[in-house]
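Q: Read off the chains here:
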Amino acid sequence: MLNPAVKLASNIFDKPEQKPTRDGFGEGLIEAGEKDKRVVALCADLAESTRMLPFKEKWPKRYVELGVAEQNLATVASGLANYGKIPFIASYATFSPGRNNEQIRTNICINNVPVKIVGSHAGVSVGPDGATHQALEDMALMRVLPRMTVISPCDSEEARKATLAAAAHNGPVYLRLAREKTPVMTTAATPFELGKAQVMWQPQDKRKNPDVAVFATGPLVHNALVAAKTLEEKFAIVVINIHTVKPLDTKTVTQWSKKAGAVVTVEEHQIAGGLGSAIAEVLAAQAPVPQEFIGVKDQFGQSGEPGELIAHYGMDVPHITAAITKVVKRKK
Amino acid sequence: MSVSDKEVEVIAEKALQIRETIIEMLVAAGSGHTAGPLGMADIFAAFYFHILKHDPKNPAWEERDRMFLSNGHITPVRYAAMAHAGYFPVEECLTLRKFGTRLQGHPERERLPGVETTSGPLGSGLGQAAGYAYGARMDGKKFRVYGLMSDGEQDAGATWEAAMFAGANKLSNLTAVMDRNNIQINGMTENVMPLENIAKKYEAFNWHVIEVDGHNIEAFCDAVDEAKAIYEKPTIIIAHTIPGKGIKEIEFDYRWHGAPPGKGPTDKIPAEKQGEYFLKELRTLRGKIKSEHE
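Just so you know, the sequences run in chain order A and B. Going left to right, the first sequence walks through residues 0 to 331 as numbering that gives the first Met the number 0 numbers them. Going left to right, the second sequence walks through residues 0 to 293 as numbering that gives the first Met the number 0 numbers them.
Chain B on its own, in the form it takes in the complex (with noise of 0.2 angstroms):
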């Protein structure tokens, strides 16, 4: 199912409402990770409001699309993604992190309904997918798995195992999303621990590859669809994606991985003011593309 010009307008808009949410529940919690939910804002706005087949009024939909989120602490991306798809209230997301919560620093499955394992440690999210998808084809369901993880966790052994598993049992039904956005907690990918070729080593493992940018939203639809035409493996979305998307001060800033606004570097912006100006930066940038009177 090809994405219209108009629902690449609205799921844009829904990137900004949700990159809008995160900042403000990072600022509510005065602790988590920022670089990578912004980064990762406009794939999960594609997957809510146009890829997945779900019921946010009924999570548990027995015929529903399953997510897979194998880099836990980008969860903050996938709750303000999962509100404004109608999961929960929006006001719910500034409870993120703080005692009583179902909105984990790193989630988990029987917390909130609709998130669908635990995740957080790192490596082990295609596994999972990669056995949940095995479980559905014995059973010859139609859903589609989909598993969302990152570049860092390239470097887990047990990412391998799962990519050697998925690739060798031909898993057409799972779709796996990297974000390749060069960051990690050390630094750069390239210098902490180098991936590339990353392609190569994917399609070496039988997965069929897709390289694509994670901002083009047709471009990324494009692939998701194309990897549902790939029947003899399973597929992988290389998604080149800029950590800290939509403010310029965090883009490309690895000291912004596990920063929250308000304890970041402070060599651009000072730390009491990061959360009001990055607010600001992204409602002008949403008032560029509609009216500010929206």
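Here chain A stands alone, though its shape is the one from the complex (with noise of 0.2 angstroms):
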């Protein structure tokens, strides 16, 4: 059942409102501004399909345009920073973070300049744009470097959220965002605290450990409850939101995972270098289980409608519940 504590949207089932994470990183950027004069904005000719357009005609004054140069967009953050300024940069996430890594790793990290890059149109949900558009590496780039904080917001009012505290927090943060629309699962009363894992299902019996913890992140937190849903009368299971990849929540991740003796992760990104791996690499060294990954095994993605991509790819609802099902099996 869901977690009645995270006060999630009642329709969450039942044609949930359907919207992008990247809209919520636009109205959270404007609330940030209005909260902190510091904030700017930097874009890199991406202003509308970003959503930094609203804070740029709010605050023409406040926001800088680099052009089509992701490499300068970090740089001059990264300035801007040492300044004093709290720089927002957004582009595609496989130009920024892809592109300008190194500028990312020496100007914002070494230099510790708290600069939030913020990386739209993550994951084959892109759709029809392609592979060169689907940035499926950007968790595992920033994931690295040290001081960074990733954020990978599950819904639209989270990402509102997470930008809130990505301009508070005193650091270099990423924040990912899809282009597609999906479902909206939280609401504004659902509590959101940076690096603090969330359950949001949790088994009828809160006494008895589940079978199984999934573990997902992005917009794929909606595909890991339906599966939850799907096999309720089945398996007692505990579905988590990680929408802080970094740092890992990992008294969360280790007490569940002890609980369940089984783990599934979900995340629309490579399994090489993402949540599975940062939960693995936990979990190995604290209270191995068997792990199931959802995520993109070693391929690029290609053209094509969001859902077909995403069960092509091996992260709808029946991928799910099969891990779900093996993963337990794998317990005997």
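By construction, these hints were calculated from the structure, which means they are not laboratory data. Treat the hints with care, since some could be wrong.
[As the list claims (entries may be wrong)] Within a straight-line C-alpha distance of at most 30 angstroms, the following computed DSS-like cross-link-like pairs (lysine-lysine) qualify:
no. : chain 1 : residue 1 : chain 2 : residue 2
1   : B       : Lys262    : B       : Lys97
2   : A       : Lys36     : B       : Lys97
3   : A       : Lys60     : B       : Lys272
4   : A       : Lys34     : B       : Lys141
5   : B       : Lys140    : A       : Lys55
[Claimed, not checked] A partial selection of chain A residues facing chain B, derived with a Cβ cut-off under 8 angstroms:
no. : residue
6   : Val63
7   : Ala68
8   : Tyr82
9   : Gln102
From a predicted model like this one, the values you see are computed outputs, not experimental measurements. Glycine included, every Cβ here is placed at the ideal spot set by N, Cα and C.
Work from the hints to combine the two standalone chains into their complex.
A: Listed below in structure tokens is the structure:
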């Protein structure tokens, strides 16, 4: 059953509102800009599609246009942050943090200045644009940088809160966004704390240990919840939303993994280097249990409709239910 | 503020002290770059002893001018200049590149107060300086931002992204200085990847361009003053320097780009004698200007 403590939307399984996470970022950026005058927005010729446009229109003097120059986007932002601003830089994740990785490493992370890197259009759900524009390795790139915080919001509302949290956090942040409309699961009342994982689905009988713990990040959290509901009669399942991939909430991850004795990880990202890897690193050392990985298996994406791509690359509900069933079997 | 003859004399003397310290620190480190730091000693002396508004006892002073060093590998010249200006004891220079030092092989902002940014990977300094200058202008700050870079890093596309950005935004509070010493690791710049006509390229990117002899302290200080009077554009001073300036066995020889004394080319001076020989040469030169009992 849904965890009542996190106050999720009542229509979560019945025609939930559909909204892209990038929209929540755009709203959060305006709120962050109102709260703190140091917040500035920098963009590499993608203001509309990264949802920076409303900020630009509201505060043209706090908006900096870089043109199609992602290396300079990260570099100019590091200078602005060094001076005392809180810069958000937006592009597609394949270009930022893809193309400008070294600039982020040196000028932002070694320099230790609070630039917020916003990578939109992550995952195969970008759809028709194809492999070149579908970032599947961005979390891996950002997760390995010391000082970097990595946030992958599950829906538009969480993206809004994550944007505010990123602005308030005094350090580099990577915020991962998606292009496509996805279900809005959380509400304004849902708590959000950086680095704190959230139980969204739990067994009916809370005293009983679950059969499996599902850790999911990004909009695929919805698929994980639907999978849990589908298997409700068969298995006791806990679904945990990992919006902060780094620093990972290792306490919650190990606690539930020990209780369940089996783990499934779900992400719209390469299996190598993403959430599943991060969790495996922790569990191998602290609570080794069988783990199944839902994610892209060392492949590039391709053109198609978001839904058919999610299914083709093995991240739809049937693949998740199969992984849950398989991992429970492996326990025995 | 033009520079007086007396000041030029003091700056030149400081430049020699800085060169000596560079050789001493590189010998102690056993690694590091020699040609670039020696070639930029006059310009760094001019900055730290005349141009910069700064307070060595208060490196975080709000109103200080900011100096960004893009080609972080020449940081020994900056460390030496900072030490002689009073930021930290000159003896600390001998910790260069050693475990636990504040004087990292390439400079890091958080390690040493007075270092404005982390640098080394080429092509990133101009954009950082431009971003800083942009932020300062948003808030109406009066200090100036200086961005020092090499000629080799003009090969990097990121340098031109930054040049385009600064020109487009008319960042007149930014003055860039290019160390035009014509060498890079693989040889002469015009053989590795020709840069000329570099002045025209910057002009085309909406920069005010001044070319000077980088060892003519008066001319360099005048160029910095001229930049302050240009309100519609950023300025770049292309400073023509001699790599290894001050030690004739090193001058103009690209093989000294990344070698410290003791590990440099041995066709002129044997490796084991290089450090001692170069210091002697610098001290002799110093003797020509000041009393040898100085």
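Q: For each hint, tell me whether it holds in the structure or not.
A: Consistency of the hints with the structure:
| no. | hint | verdict |
| --- | --- | --- |
| 1 | B:Lys262 / B:Lys97 | holds (17 angstroms) |
| 2 | A:Lys36 / B:Lys97 | violated (42 angstroms) |
| 3 | A:Lys60 / B:Lys272 | violated (59 angstroms) |
| 4 | A:Lys34 / B:Lys141 | holds (27 angstroms) |
| 5 | B:Lys140 / A:Lys55 | holds (23 angstroms) |
| 6 | Val63 | holds (7 angstroms) |
| 7 | Ala68 | holds (4 angstroms) |
| 8 | Tyr82 | holds (4 angstroms) |
| 9 | Gln102 | holds (6 angstroms) |
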